[in-house]
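Two chains, each in its own frame: build the complex with the hints.
So the protein lines, in turn, are chains A and B. Taking this note's numbering, the leading residue of the first sequence gets 953, the next gets one more, and so forth. Taking this note's numbering, the leading residue of the second sequence gets 104, the next gets one more, and so forth.
The set of hints was computed from the structure by calculation and includes no laboratory data. All the given hints hold, so there is nothing to weed out.
Anything over 12 angstroms on all C-beta distances counts as not near chain B; from chain A, calculated:
| hint | residue |
| --- | --- |
| 1 | M953 |
| 2 | P955 |
| 3 | L956 |
| 4 | A961 |
| 5 | V971 |
| 6 | D973 |
| 7 | D974 |
| 8 | L975 |
| 9 | A1022 |
| 10 | A1028 |
Footprint (simulated), chain B over chain A, 3 or more residues, beta carbon under 8 angstroms:
| hint | segment |
| --- | --- |
| 11 | 976-990 |
| 12 | 1000-1011 |
Fair warning: this is a prediction, and the values are worked out from it, not measured in the lab. Glycine is no exception: its CB is placed at the ideal position from the N, C-alpha and C atoms.
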Amino acid sequence: MKPLADVFAESLMIDAASVTDDLAYQSIKEWDSVAHMVLVTALEDNYEIMLDADDIVAMSSVAKVREILAKYDVTA
Amino acid sequence: MSMDARDAVLAAHPFALDAAEKGRLLGAALVELTAHHAANCPEYGRILAAERAGVPAGISDVPFLPVRLFKELALKSIPDDQIFKTLTSSGTTGQVPSRIFLDTATAQAQSRALAAITTNFIGKDRRPMLIIDHPGVVRDRTSFSARGAGILGMMTYGRAHTYALNDEDMGLNLDAIRAFAETHAGKPIFAFGFTFMVWKYFLSALQAADITLDFPGSVLIHSGGWKKLEDEAVSNDHFKSVARHRAGFEFVHNFYGMVEQVGSVFMECEHGRLHAPGFADVLVRDPLDWRVLPVGAEGIIQVVSAIPLSYPGHSLLTEDRGVLTGEDDCPCGRRGKTFRVLGRIPAAEMRGCSDTHTSRAA
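So that you can see chain B by itself, here it is in the shape it has in the complex (with noise of 0.2 angstroms):
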């Protein structure tokens, strides 16, 4: 099956797409990967015909799969002795998590997708890393947490990687910090942690001890969610005035993204805005009638991405709600759809990489 246009949108610029070429590449490569999974997921097909859906017209018009089928079914378009890689979700005690079967084409295709949307955030030097949670997130190799998971895709971005926290308690490693800031003073670091993590163990560890630590033009990335930190009243630019203040962050990136379509990572940019690469894209529906939504009108958020072939995860409804802030038009320069998320929907089940702590010892 030819797959032209899939392979022609992931080559491409990840921010360099104006909506009309998009549109087109894209949504040829979204038509490519429907045809693709009817053929090769029986369960993906059956839907499909009982839906009647024809060859979709464009982006809006790809059939999207509500995200939590992946916890229901096992979802493939590859035979057993192709999947070389089963992703499961941060699903939480009680909770069915999902799971995504890769292939070596789709994996690699998110390791190269990923590489590019990172790197246009700090650059191709791989910067000195400090990790923000503790080394025994990645020591089981067999059987890695979404978390875990996450910290190694994000290390290949940086060298001389350094753990902030303790295993024992996940107490501050004060030594390794200030051995990591006396080392490499005067170059800028990179830092990556979940969220939750950063906050609790150690952006408000930080405070609590009154420590302030100075990484003039550091970069932090982070990610999972916001759940646990709007109960804790902890907004966004609270979060990101802390971490420049208090860790020295100079920059401050959020970005939005799901196992469920790994490789496909929505960042926040210089501007508080999160962008939807060239080979990905964000719509927001009316929940009443699935309508397609404008810029500013809130909805639920729908993800595409030209990434999952092994998977027939190209077009998924999230439970999250969110709204559209503009297209081709952010300050920062990056073309494509900017959105802000808003929050999960009601009656969606309690999930994120921000829940993996608390109920599972990490």
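Just chain A, with the same shape it has in the complex (with noise of 0.2 angstroms):
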């Protein structure tokens, strides 16, 4: 399993060291609506679970993916 900085890093094809937790959605062009969906499915392959549509909404920032992610019993 990879860190949750990594799996952002490279989903979004930005700098791991750049992955701060108050990184917002739509707040850099990398991390736009694509982009966005590309990251859901790596973190449901990196986790091995299924995000509903109400989570990949909410997921507006670093800090709020790894709240939702605890919702599935992940810590990352």
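If you want it as structure tokens, here you go:
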């Protein structure tokens, strides 16, 4: 299982160092709606979970993603 | 500025409010929005002043703007540095597209609202998704067409996204479709596409090749206007019947909506009626004196929505004709008004997602 920062970095094609808790959806051009779906798939594959639509809409920042993953008993 | 009523109506279940609750809550939300836009969008403020409009007394009293005003003016209620996305309508050659300016709050309200409606129809589980379009439609990330943006918005509700058409010629990608059907055999799938694309490049192509598909328990959602299909004399009933028998889509839902009021989607239920969700509403007006018409009377459709914060689009007069079919009385059990769309008003400029393909290489 990859660390969360790596999943983000690979999905959004950004540097892992720039994946901070307050990084927000649509705040950088790399994290747009297309990348968001890539990220969803990568998270699901990495943690072997299936997110529901409400979660995907609510994934507004790295911190929020971590919070949502916790619902699936994933500590990231 | 307090937006308590807007917050409350957006948080409510989309099909649970009855007429009285909705009149109170949505009415109050629209009053909040009218004041907000009058204070923050100079053009809107001047229009209201010229109309000598007071505080609206209820939903039907909220002043409405013609949708085409969004082509003529860049209307926004936010400073430029808060624009986070600009949506443009599917303007065809020689026509000016609408420009809709979103801030993050409006965009977020929009995705949540769309989620509440869509999951009400297909459930919370994200199903394997067949996109009735070609992959190229979302490839250029800097400039999506209205079609691309619509598809992306819907992708949230699916997984294992598979495109049914080829990039080169919009032909059926039979290998992909068959592999998709095999991989997800026995699971209910979700299909989405724009009405005209689904008809012309998928259903008609299946018919021409005499191919029959079967997706038990599947749902097809489609949207984008009927004008072109009406020209080909394809009715909603015929479309549904072909979608069922040829493609094997068990449930078929059309929806009505427009880029000028994104997120507020009027979905067709099992009984063939379009439903207004709690945070939005539809009114039918007499084109001669603009009075609100009762159930059964044909007129011009007005749409109102609690979503638009960043632009004054909470009350719009469309260029479509329609008729209300009821309120709080649909056999499907969803509350709110139901209606049918009858087509464009005669003088209206031709526009709609179904027009984007032929006029512009997609």
